[in-house]
Amino acid sequence: MDRASHLSTIVDLSPAQWTLSGSAPKERHSLDLQSFLSQLLIFLNSHVACKDQNTLAIFGALPGRSVMLYPSTTQAAGSNSADANTYRPFKVLDSTVIDSLSKQVEALDASETEAPVGLVGALTKALCYINRVAALATENDQTVAVDPRILILSVSPDQSASYIPIMNSIFSAQKLKVTIDVCKVYGPDSVFLQQAAHLTGGSYIHLDRPDALLQYLTMSFLPPPSIRQLLAVPTQDKVDFRAACFCHKRIVDIGFVCSVCLSIFCQPVPVCSTCRTKFPIKTLQRLNAARPTILTSAATPTSGNASTFPSSTTNRVATTNGNGPNPNGVR
Amino acid sequence: MPPRRIDPIGDESDSDVSIFDDFDESGRGKGKGKGKGIDRNKKDKGKGKAKEQPYAWEASYTRSWDTVQEDEAGSLQGAVADLIARGRRRRLLAPAAAIRRTIIRHLILILDLSSAMMDRDMRPTRFDLMLQYAREFVTEWFDQNPLGQIGVVGMRGGLGERVGEMTGNPQDVLKAISERHKLEPSGEPSLQNAIDMARASMSHLPTHSSREILVVFGSLTTCDPGNIHDTLAECVKDRIRVSVVALAAEMKICREFCDKTGGTFGVALNEGHFKDLLFELIPPPAQRAFARASSGAPANPAADLMLMGFPTRLPETSAAGLCACHSQLRSAGFLCPRCGAKVCDVPTDCDICGLMIVSAPHLARSYHHLFPVKPFQPVMSLEGTQNPSVGCHACAAPFKEQTAGAAGAADGVSPLGRYRCAECHNDFCTECDVFVHDVVHCCPGCGK
Ligand SMILES: [Zn+2]
Ligand SMILES: [Zn+2]
Ligand SMILES: [Zn+2]
Ligand SMILES: [Zn+2]
Ligand SMILES: [Zn+2]
Ligand SMILES: [Zn+2]
Chain A
1 MDRASHLSTI VDLSPAQWTL SGSAPKERHS LDLQSFLSQL LIFLNSHVAC KDQNTLAIFG
61 ALPGRSVMLY PSTTQAAGSN SADANTYRPF KVLDSTVIDS LSKQVEALDA SETEAPVGLV
121 GALTKALCYI NRVAALATEN DQTVAVDPRI LILSVSPDQS ASYIPIMNSI FSAQKLKVTI
181 DVCKVYGPDS VFLQQAAHLT GGSYIHLDRP DALLQYLTMS FLPPPSIRQL LAVPTQDKVD
241 FRAACFCHKR IVDIGFVCSV CLSIFCQPVP VCSTCRTKFP IKTLQRLNAA RPTILTSAAT
301 PTSGNASTFP SSTTNRVATT NGNGPNPNGV R
Chain B
1 MPPRRIDPIG DESDSDVSIF DDFDESGRGK GKGKGKGIDR NKKDKGKGKA KEQPYAWEAS
61 YTRSWDTVQE DEAGSLQGAV ADLIARGRRR RLLAPAAAIR RTIIRHLILI LDLSSAMMDR
121 DMRPTRFDLM LQYAREFVTE WFDQNPLGQI GVVGMRGGLG ERVGEMTGNP QDVLKAISER
181 HKLEPSGEPS LQNAIDMARA SMSHLPTHSS REILVVFGSL TTCDPGNIHD TLAECVKDRI
241 RVSVVALAAE MKICREFCDK TGGTFGVALN EGHFKDLLFE LIPPPAQRAF ARASSGAPAN
301 PAADLMLMGF PTRLPETSAA GLCACHSQLR SAGFLCPRCG AKVCDVPTDC DICGLMIVSA
361 PHLARSYHHL FPVKPFQPVM SLEGTQNPSV GCHACAAPFK EQTAGAAGAA DGVSPLGRYR
421 CAECHNDFCT ECDVFVHDVV HCCPGCGK
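In order, the protein sequences belong to chains A and B. Note that UniProt numbering has the first sequence beginning at 1, numbered continuously upward. Note that UniProt numbering has the second sequence beginning at 1, numbered continuously upward.
Calculated from the structure, these hints are not laboratory results. Note that the Cβ used here is the ideal one computed from N, Cα and C, for glycine as well. Just so you know, nobody snuck in bad clues.
Listed next, the in silico BS3-like pairs over lysine-lysine satisfying Cα-Cα at most 25 Å (straight line):
(1) B:K275 - A:K175
(2) A:K175 - B:K374
(3) B:K275 - A:K177
(4) B:K182 - B:K275
(5) A:K175 - B:K175
(6) A:K91 - A:K103
(7) A:K249 - B:K448
(8) A:K249 - B:K374
(9) B:K275 - B:K260
(10) B:K448 - A:K175
(11) B:K275 - B:K175
(12) A:K238 - A:K177
(13) A:K278 - B:K237
(14) B:K374 - B:K448
(15) A:K177 - A:K51
(16) B:K275 - B:K252
(17) B:K237 - B:K252
(18) A:K249 - A:K238
(19) A:K278 - A:K249
(20) A:K91 - A:K51
(21) A:K177 - B:K448
(22) B:K237 - B:K260
Here are a few chain B residues that face chain A, going by a calculated C-beta distance under 7 Å:
(23) S359
(24) Y367
(25) G447
Chain A side only, calculated, beta carbon under 10 Å to chain B, not exhaustive:
(26) S66
(27) V120
(28) N131
(29) I166
(30) S172
(31) H198
(32) K238
(33) G255
(34) V260
(35) C272
(36) A290
Please take these sequences and the hints and turn them into a complete structure.
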């Protein structure tokens, strides 16, 4: 670790999901918010301790909004009550995070606790922050902190409505050479965050034992990406490359795509809702005819004659050939 | 470095002649008619200083370094702020609504490999510079047109030469143009042969994809076997859009190709301008005018609905299996969502069921064109704002206090350095304003 590294952490603070996580039976190794925060702070302290110049930013994704928890603009200057037993940077970090967190949680309205968390906001803020830090560093001719990274600690399920913003954030992260790591603490696997980690070269880890969070964090996420190449970091299993349709925000594995704007729909539509393009009636009939076959072939994955079907004469079943002489292309 | 400057001549009408004398020597008068017309039109009669007057094609290009001026204190800050302001205004002018673009693109890049490319008026030579920029162009092009395909054709020895087949893999294209010794310039170029070759390799394409030709042309002559206007007519018929970046001077036939097929034409003045001209062609073009004109008919013939599958990627650690495309035993790969067959790479058509398999991020790369962030409004004063935020909503950088006077309040620039999102009413700093609109394409406040 010869060069400084920057870490932006995004903490998913959905009250509803944390209640579920905390109330899961003990033998399922449940984790509540209280112990989550204390383990997280230990991890963040160790990041700060690794190297003097290491920098840190923490963003919270709360229901319906997102906030920056650290470094806070309203730095709690009054809390200088020096503790003889604590390293000062740790103390400042811990108290700032806890203070701003409790302020945010108090400000929460009981009615909005169910609302989906502002993950997109937190992610874009983290990117803006990294962009500014990098710009400042080049301006002042400092060596830019190598491989900035973002660690997302997620408990909420995917919100398919935020598919496009999340993808846009992923591409900006690629442009800035930011690695996105994802630690799924609770809940089902997230399709979008899997893609985020995969596309930016980060790790996606689903915790089997959430109560051992600190161990996962230190072993996998403490070393910066440049060092991780030398370590055996848990690798991603399957990556799901599915997308959300634009019409119902449903996650689909086979979609109908507008050739003009590439909008994805889960069923054939006569007019593209994004760019207002009208599609030929012929195509619609062909696609509608093909649909039942899709469903049945999905149910019975391998049909015997499929493998003997010569690939050179493969029917382009309702794919690209808009004017293809193949109105009922499916057998 | 600009190619040639007009000699200081007092009389305007004489200066026209001098250009064409120049052309006639080196270019056999190819650019004659057109250049004359433009030059006349653009003449600034009021000034009457012909020595200030560059070539016609230079007129539209202002060098950014010419416009930068130091202020009294010798600082460039004002000038830089001005440049930023101009960028902002340009964005404000851009249409806010989603425009139709052709996103599945097919491009044939025609590179001039004639002896004219050994000219050293661009450093190190036109040829080396062209190869270097072509590589950067290809990389960036695939970044912005993930489902596109590029083929490369060379022009030398009076023939068109297939340098790289049409492919969707950037690595293949880069490899084709990286072997410098195979592309050594020689002989005369033939525009007609090269365009005919490019046209032939795009004839089989489906109607909903765009067909484009980009010519990098360094010579001032073309050595054609037949009537090049026939080729032009064929291109118009096939709806192939031809764009030309010339390195020497304007040629009438080149401009005609661009004008008639809806492409763009430019003459590179120097290295930087050459790159600008190339890179302007990277963003997906708004769908061409005549396609829209014909959309009075019930449906745009170029539009279609396509069935696509989004695969699951298997990691290196999964159990090995035979792939459907090469029948090889491999562990990594992608599973077709319809038939479960394993393929090595995407995007591709499934070899078993014919479904087009693309990874969803490929498509998503172009979505920011569809849903651009509305421009932020500059905040001129804090009057009427309750509890103005202390710092930028995105990066938390503190805003500056009210600056007195703020002389540099060009339109579109906030004297406070605050830009407000019309949707969520959060304030952002200049840095984040630019970053949000140019890179992230998503407002951190409202996620739109
Ligand atoms: Zn849908
Ligand atoms: Zn569309
Ligand atoms: Zn294969
Ligand atoms: Zn298949
Ligand atoms: Zn900012
Ligand atoms: Zn907003």
